[in-house]
Structures are given as structure tokens and as C-alpha cells.
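S.K.: Residues per chain, in single letters:
There are 2 protein chains.
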Amino acid sequence: MNKHSSVGLVEKKFFHFAHPPNEMVFECGKKLGPLTLAYETYGELNRDKTNAVLVLHALTGDSHAAGYYSENDNKPGWWDLMIGPGKGIDTNKYFVICSNVLGGCRGSTGPSSIDPDTGRPYSLNFPAITIGDMVQAQKYLIQHLGIEQLLAVVGGSMGGMQALEWSVRFPDMVRAAIPIATTTKHSSMAIAFNEVARQAIMKDPNWNNGDYYENHHPSHGQAVARMIGHITYLSDTALKIKFGRTHQKETKFTYNMETDFQVGEYLAYQGQKFVDRFDANSLLYLTKASDHFELADKYGQGSLAEAFSHARCKYLVVSFTSDWLYPTRQSRTMVQAMKKNNLYVNFCEILIDYGHDSFLVENPRLFSLISGFLDKEHRSITKQGENNAL
Amino acid sequence: MNKHSSVGLVEKKFFHFAHPPNEMVFECGKKLGPLTLAYETYGELNRDKTNAVLVLHALTGDSHAAGYYSENDNKPGWWDLMIGPGKGIDTNKYFVICSNVLGGCRGSTGPSSIDPDTGRPYSLNFPAITIGDMVQAQKYLIQHLGIEQLLAVVGGSMGGMQALEWSVRFPDMVRAAIPIATTTKHSSMAIAFNEVARQAIMKDPNWNNGDYYENHHPSHGQAVARMIGHITYLSDTALKIKFGRTHQKETKFTYNMETDFQVGEYLAYQGQKFVDRFDANSLLYLTKASDHFELADKYGQGSLAEAFSHARCKYLVVSFTSDWLYPTRQSRTMVQAMKKNNLYVNFCEILIDYGHDSFLVENPRLFSLISGFLDKEHRSITKQGENNAL
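Which chain is which? The protein sequence lines are A and B, in order.
The first sequence begins at 1 in this note's numbering and counts up by one.
The second sequence begins at 1001 in this note's numbering and counts up by one.
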């Protein structure tokens, strides 16, 4: 374990909330509460509370974005490459917050949580979740932490959708937003892959209409769902570099139904790992939330430029050349809509082979982009403070 | 039913064969026999037997490439747009043959066929199938029909692989080859999608290690497998044009686990339709055959140029701009290897949005390319014949 440039030991905290008392109103109209968000923080909140950065995780991520839970913990948080002292999101300068999304299964209230009325998991009685609901819950957390305005909201993929929603929904609370490898709405193909993933789970007899917590889980379907998703997170080239047509065994074609290719073994491993750490119903809820995210419809009556007219923050938009799930043209579309509102926008398409998941790998270009953008915005506050003091 | 430009009523025929007597030796080393190929023919074989065109079907196709089975039949063969009087493959000029591949489930011997030794389906006791085995069986059929040399072998996708195999394996029997939307080897990503499709089937409890014929079939897994495949046969743009983000109902987000998007409903329909017409084990066998097809390894000790040094035919290679499963760069690679051997090669990348399945849709450019290429080759024989007669 190399903890030299790490935030070190961290702990998962829990925020219990209800607005109005005892419930939160979801966008679907249902009410539920009190609710819990699992979250972690790294770095120190400054006196003026102007250095808070909210990190937003992707589909199956969680609040554990950086650091280690114990001395013996071999695996750091999911964005430890980016978050830490001297890193892209520098914990010497910023107070970093990351919470598990509502509807998730990593400490925040979701379909696998116990319904106090029945003593059993909510299962499909849990209200449908939207990106807006996730952001609403995060807002309660940020207010609970005594922060009036975030320096920045940062996230990739579904995390980027949350960043966009934050910037449009709560413009006074966001100075800067960094949506990475994301979109203002899923393409038909992105929806198609999610539909198949959901079908893989729901066709598993063990799914049992979502009521499986006391029996066998729909592990087979869930593994297949993950395998499908995993391919879409990588690129043709990434797979070629990593696996090519390498075979499992010397004999190449085993002439039976075993997995002959390393890429098959790798996907099977990813599928199984996912089953062990994630709840199938949460995957259904969160993919639905992503599929239905449509910023123009929600905030601009169909016009994306109109939707961004609500925003007041500065943007850093990042896409990756090899991301075919949320291709660069979708980022360009949002950048154009931002610019129509004379918003300050930095846009960068990074040349990288790794596919949609490029934001999760070592990437000096992305690190320096984020670092520079945050630093500039942070300095502008300090300068503003000094000017005000004169 | 519009039969005006159709070959009209056709019938499925069966060819029973065994070489050596009572068996065929498969590339895996196993022997089996006698075997059956289901096939159809359209047009008339000329006196010199120089006008035969062998059409090779894709993964889940069959011998029914053109025409109708009865007056009440509403659905013509799978390539009726291309094959018929005055069409791209003109049945007024050519004798067209199409057979169901070995290992299939549409009349040719495959895993769902009855093993005479047990009186039960072969299931996984059926020998592993290769593209080479398919072509070997087709060769017996062609010889049975009294044809020494084919004017052309034509096919898309897995049919294109067979066309390539034919041209390299039996160079004296092929004057021209038209591989369409195909590759000399699957990319890592193409293998990955097939691995997931196979896992979807094999993880279905009803699959029962392939022994399901007398019980419930692995329909759930098979439907998911087809949905995955179907997405890869289309393009992002094709899906956008066809479905976009159109919802099933006016309410858009139903806030439950129902399919909200038309693309989801469409994929579910495709999945179900496939379960009704295809055998799950055949899909396993045929995707394995495609994944293991590697022309350079098999015929060139790793060199594609060396592999094509065995060929003597003329080639028309066709790719589609929107085919991301077998992208144009794979066609370019094969064209370069052909040209290194000074073979006559026409190559065309067709600008079309429909994705990998573009060869199955109305496409005047593809029709005229094939028609012109065949016509030229056919005329050259006639001319040769005239010259010989002088």
C-alpha cells in the first residue's frame, strides 16, 4: 500500500435527514424518510467555507473516493489517483466531499435498505430515483455541513450528469462545474445497452420481481448485466491492447463451451466481482435514472440553451476521443448551449484510448486541467475577499 | 405479397452426405456422419455449369435466401432484396445456391439434431464447428450438384468469413469472392460481445449444460443474448433515427421497472422472436466458430499476405462506414494482404448509417456493385469460351 500521496485513513460517515420532517419528496411524487446518505470528506473546510469540492460518483461508485479504511486496506477509494495532497483535486487546498447516491447500496438509502414500516427491504417499493433526487439529497448534506456555496462540483459519467443538474438547479450554490465524459441525455444506443442489462437481471428467475433479499440473489443476470456494461466502458483499442485475441490456454480452441479468450475470462471476473459488491435492484434504479436524465426537457422546455440559461457557474467540460458511450459530440452540444448563454466554458477533448472509463485511469492531462481550473477559481475568491477587505 | 421481382415459390431441399462414407472429419478431429445440409437453389444452372453463385448466410440466417414457400407466405427469404430476376444477383443469369451452415438449426445437422446412436439430440456432444467445417460441407454439396467451379461466393458477416475461407481453401473452385462487412479475425470487442451472449445463455438455469431439449429451453438467456447481438448489428445513428429517445407511453418515466423507451420494447421483441426461431446451442456453436476464425493463423502462419497467397480468385470487398462491429479498417487490412499477392481486388466502403446489418437493407450502391462485378466475371467466361471455340 503506497499511502505517500494519499489522504491516508478515512472513515465513512452517515447523514440522516428529512425535509420536510420525516420525509423527502421525490420527483416521482412519492415521499419517504428519514433518509441516510453515506459520505466521506478529505482535507479541511476553510474558515470562510469557500473551498468545498463535491465529487460525484458514477453508476456503481460510492462515497469512498480516496484514502484507505485501515492500515491493512490494500485498495484505496475509487478516485484516489485524482484526490489527495498535491493531486488534481488537492486536499491541501480543498475540502472534498463525496456521498453515495440516493438509491445506491453502499450506505445511502436505497431499495436494499430496510423499510421501517415492514422490517424488510424496500425492494421495488422504493420510489423511482432521478438524477434530480440524488442532487436534492446532496444539497441537504451540503447545507448540513454548513456550506452555502460549493467551489466546484466534479464528476464523470452519471457523476457528470449530477454536476450538470447541480449547476442548473442550484445555480447560487455552485461556482464551478466539471462534467466529464457525460451527456445531457442518453443516446438511443446508451439506453439500449441499459435496457438489455436490466432485462438480464429481471429475466433471472431469482430476481422474483425484486423480492430476493432473503433468498438467492439474481446473480447470473446481474453478472451478465455488468459484463455488457463493462464492454461499453472500454474501447475497441483498449480491449485490443489489453487482451487482443489472447487465449486462455495454449491449445487456443478448446473445442468445447469453455471461455477460450482472456477477454472472456476478464469479463466473467468483472461480472462476479460486481455481484459480490452491488445490489441488483440498485442497478435497475440507477440505470433508469441515467436513461431518463434529460436536461433540456426538464429545465428548458426542450431547449438545451434555455436549460443552461439558469446556470451561473464556470464550466470545464471534458470528453475522451475513445468514449463511444458518451461521444465527444454530446459534449460539444452542451458546450454550445452553455456558450449561447455567455457562460465561461473551458472544453477539452482528451486523446486517449481507454474509452469511457478514461477518467478513472492515470491521466496527467486530466489532472492538470482540473487542478488548473480549480486553482484559478479558488484564487478568484481569495482575490475577491482581499478586494472586499480593502 | 409482392412477387413481381421475386424468384417466386421455392422449396427447401436436403443433401445427405458422408466423406469418407458415413462420416465427415471435423477440424476438431471428431468424426460424424452421415450429415445433412438444407439448401435452396434459384435460377437455372447453364450447360457449362459456369454460372453458379454460392450465397453464404450470416450467424442466424438459413438456406431460405429468396422467394416464398407458399402463396400465403408473407415473408420472403432473408436476401430477397438482392436475389431475383433483374436484381443484384440476377437469377435470370445465375444459378444461386444457399445452404444452411453445419451446426445450424434450420435443417442442417447441428446440436439440436437427433443423434442416431442415442435417439436424442446431440446437444454438446455435437463436434465443435469451425468456419472451415462449414465450407467443407458446402464443398460436398457443390460437388454433388455437379459444379466444378463456382462463378462466385458471396456473403456478409459470418457469410463473408465463409467466402474468404472458400477463396483460400479451395482456390480452384472459386472464380470470384465477395466478402461483405466481414473480417479475417474478430476484434477483442467482437469476441467480448459474443462471450457475454454465450454467458447469458449458459448462466440460464434452463440451459442445463446444453441438455434442455425435452424441458424448458434457456429462453431468458437466449433472448438477452440476441438483444446484445442486435445492438451491435445496428449503429448509434440507426438507433437514433429509428427510435431516438421516444417513449412507450405519454407519461415518459413510468417510475417503475417497465420498459419506458421504444428501443427497449423493440429489443425485447427481437429477443423473443429469436427464441421462437433459433436453437440456443446452435448460437453457442456458431459464435464460437466466428470468434475462432483466424485466416492468417490458419493459412499463413500468422501472415495474412501469406494466407492470401493461396487465393486465385478476383475479390470485391465491401465495408460500411457505420459498421463498428467489423469496421472498415479490417476490410482495408484484408485488401492490402490481397494486393500484396497481386490479386485483382475491388474495394468499396459504402457511406450508410445502418451499421453492420447494412447489407440486409435496400441499398442500390451495393446492388450495382455486386451486379457489375458478377456480370464482368461472367462475361469473361463467355468470352473465354468463345475464344476457345475459335
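If you are wondering where the hints come from, they were derived from the structure by calculation, not from laboratory data.
Please note that the accuracy of each hint is not assured.
[Stated by the list, open to error] Going by beta-carbon spacing under 8 Å, a handful of chain B positions derived as facing chain A:
1) Leu1032
2) Ser1123
3) Ala1128
4) Leu1145
5) Lys1185
6) Ser1188
7) Met1189
8) Phe1193
9) Lys1203
10) Pro1205
11) Phe1243
12) Tyr1255
13) Met1257
14) Leu1360
15) Val1361
16) Arg1365
[Said to hold, decoys possible] The list that follows gives simulated cross-link-like pairs (lysine-lysine, BS3-like), each with its CA atoms no further than 30 Å apart:
17) Lys240(A) - Lys1139(B)
18) Lys1030(B) - Lys249(A)
19) Lys298(A) - Lys1242(B)
20) Lys339(A) - Lys273(A)
21) Lys1252(B) - Lys30(A)
22) Lys1013(B) - Lys298(A)
23) Lys1249(B) - Lys30(A)
24) Lys1031(B) - Lys252(A)
25) Lys273(A) - Lys298(A)
26) Lys242(A) - Lys1298(B)
27) Lys340(A) - Lys1252(B)
28) Lys1298(B) - Lys249(A)
29) Lys1340(B) - Lys240(A)
30) Lys1252(B) - Lys31(A)
31) Lys273(A) - Lys249(A)
32) Lys252(A) - Lys1252(B)
33) Lys240(A) - Lys1298(B)
34) Lys340(A) - Lys1376(B)
35) Lys1139(B) - Lys252(A)
36) Lys1376(B) - Lys240(A)
37) Lys1376(B) - Lys252(A)
38) Lys1376(B) - Lys1093(B)
39) Lys1249(B) - Lys298(A)
40) Lys298(A) - Lys1093(B)
Every value quoted in this text rests on a predicted model; they were computed, and no experiment measured them.
For glycine and all other residues, C-beta sits at the position ideal for the given N, C-alpha and C.
S.K.: Determine for every hint whether it applies to the structure shown.
M.R.: Hints versus structure:
Of the supplied interface hints, the one on Leu1032(B) is violated, with its beta-carbon coming no nearer than about 13 Å to a beta-carbon of chain A, more than 8 Å. For the restraint placing Ser1123(B) at the interface with chain A, the shortest Cβ-Cβ distance is roughly 11 Å, beyond the 8 Å limit, so the hint is violated. The beta carbon of Ala1128(B) comes within 4 Å of a beta carbon in chain A, closer than 8 Å, and the hint placing it at the interface holds. Annotation: interface hint on Leu1145(B) violated; nearest CB of chain A at approximately 30 Å, more than 8 Å.
At a threshold of 8 Å, the smallest CB-CB gap from Lys1185(B) to chain A is about 7 Å, leaving the interface hint in force. Annotation: Ser1188(B) was flagged as interfacial toward chain A, and the flag holds, the nearest CB pair being 4 Å apart, inside 8 Å. Hint status for Met1189(B) relative to chain A: holds, with the closest Cβ pair at about 5 Å, below 8 Å. With 8 Å as the threshold, the beta carbon of Phe1193(B) comes within range of chain A, its nearest partner Cβ sitting at about 6 Å, so the hint holds.
Given the 8 Å rule on beta carbons, the hint for Lys1203(B) holds: about 4 Å separates it from the nearest Cβ of chain A. With its C-beta approaching chain A no nearer than about 7 Å, Pro1205(B) sits inside the 8 Å limit, and its interface hint holds. Contact between Phe1243(B) and chain A, as hinted, is supported at the beta carbon level, the nearest pair being about 5 Å apart and thus within 8 Å. Annotation: interface hint on Tyr1255(B) holds; nearest CB of chain A at approximately 4 Å, less than 8 Å.
The interface hint given for Met1257(B) holds, since its Cβ lies 6 Å from the closest Cβ of chain A, which is under the 8 Å cut-off. At a threshold of 8 Å, the smallest CB-CB gap from Leu1360(B) to chain A is about 19 Å, leaving the interface hint violated. Using the Cβ-Cβ criterion of 8 Å, the hint placing Val1361(B) at the interface with chain A is not satisfied: the shortest such distance is roughly 18 Å. Taken as an interface hint, Arg1365(B) does not check out: its beta carbon lies about 25 Å from the nearest beta carbon of chain A, beyond 8 Å.
A distance of roughly 34 Å separates the Cα atoms of Lys240(A) and Lys1139(B); the hinted pair therefore is violated under the 30 Å criterion. Of the supplied pair hints, the one linking Lys1030(B) and Lys249(A) holds, its CA atoms being roughly 20 Å apart against a limit of 30 Å. As the CA atoms of Lys298(A) and Lys1242(B) are separated by approximately 23 Å, the hinted pair is consistent with the 30 Å bound. Simply put, Lys339(A) and Lys273(A) have alpha-carbon atoms about 42 Å apart, too far for the 30 Å limit, and the pair is violated.
Distance restraint check for Lys1252(B) and Lys30(A): the Cα-Cα separation of roughly 17 Å lies within the 30 Å cut-off, and the hinted pair is therefore satisfied. At most 30 Å may separate the alpha-carbon atoms for a hinted pair to count; Lys1013(B) and Lys298(A) exceed this at roughly 59 Å. A C-alpha spacing of about 20 Å is found between Lys1249(B) and Lys30(A), which places the hinted pair at or below 30 Å, so the restraint holds. Restraint check for Lys1031(B) and Lys252(A): the C-alpha separation of about 20 Å stays at or below 30 Å, so the hint holds.
Under the criterion of a C-alpha separation no larger than 30 Å, the hint pairing Lys273(A) with Lys298(A) is inconsistent with the structure, at around 36 Å. This hinted pair checks out: Lys242(A) and Lys1298(B) have alpha carbons roughly 23 Å apart, not beyond 30 Å. Straight-line distance between C-alpha atoms of Lys340(A) and Lys1252(B) comes to about 28 Å, which keeps the hinted pair within the 30 Å bound. Among the hinted pairs, Lys1298(B) with Lys249(A) is consistent with the structure: their alpha-carbon atoms are about 17 Å apart, no more than 30 Å.
The straight-line distance between the Cα atoms of Lys1340(B) and Lys240(A) is roughly 25 Å, inside the 30 Å bound, and the hint therefore holds. A hinted pair counts as satisfied when its Cα atoms are at most 30 Å apart, and Lys1252(B) with Lys31(A) qualifies at roughly 20 Å. A threshold of 30 Å between alpha carbons decides the hint, and for Lys273(A) with Lys249(A) the separation of about 23 Å falls inside it, so the pair holds. In summary, the hint linking Lys252(A) to Lys1252(B) is not supported, as the alpha carbons are separated by about 48 Å, beyond the 30 Å threshold.
For the proposed pair Lys240(A) and Lys1298(B), the alpha carbon gap of about 20 Å is at most 30 Å, so the pair holds. Proximity of Lys340(A) to Lys1376(B) is assessed by CA-CA distance (about 56 Å); at most 30 Å being required, the pair is judged violated. Distance hint between Lys1139(B) and Lys252(A) is fulfilled; the C-alpha atoms sit about 26 Å from each other, no more than 30 Å. Distance restraint check for Lys1376(B) and Lys240(A): the Cα-Cα separation of roughly 39 Å exceeds the 30 Å cut-off, and the hinted pair is therefore not satisfied.
Simply put, Lys1376(B) and Lys252(A) have alpha-carbon atoms about 41 Å apart, too far for the 30 Å limit, and the pair is violated. Taken as a hint, the Lys1376(B) and Lys1093(B) pair is honoured in the structure, with Cα atoms around 12 Å apart against an allowance of 30 Å. With a C-alpha separation of about 17 Å, the suggested pairing of Lys1249(B) with Lys298(A) holds against the 30 Å cut-off. The suggested pairing of Lys298(A) with Lys1093(B) is violated, with an alpha-carbon distance near 60 Å, which exceeds 30 Å.
Against the hints set out earlier in the document, violations occur for numbers 1, 2, 4, 14, 15, 16, 17, 20, 22, 25, 32, 34, 36, 37 and 40.
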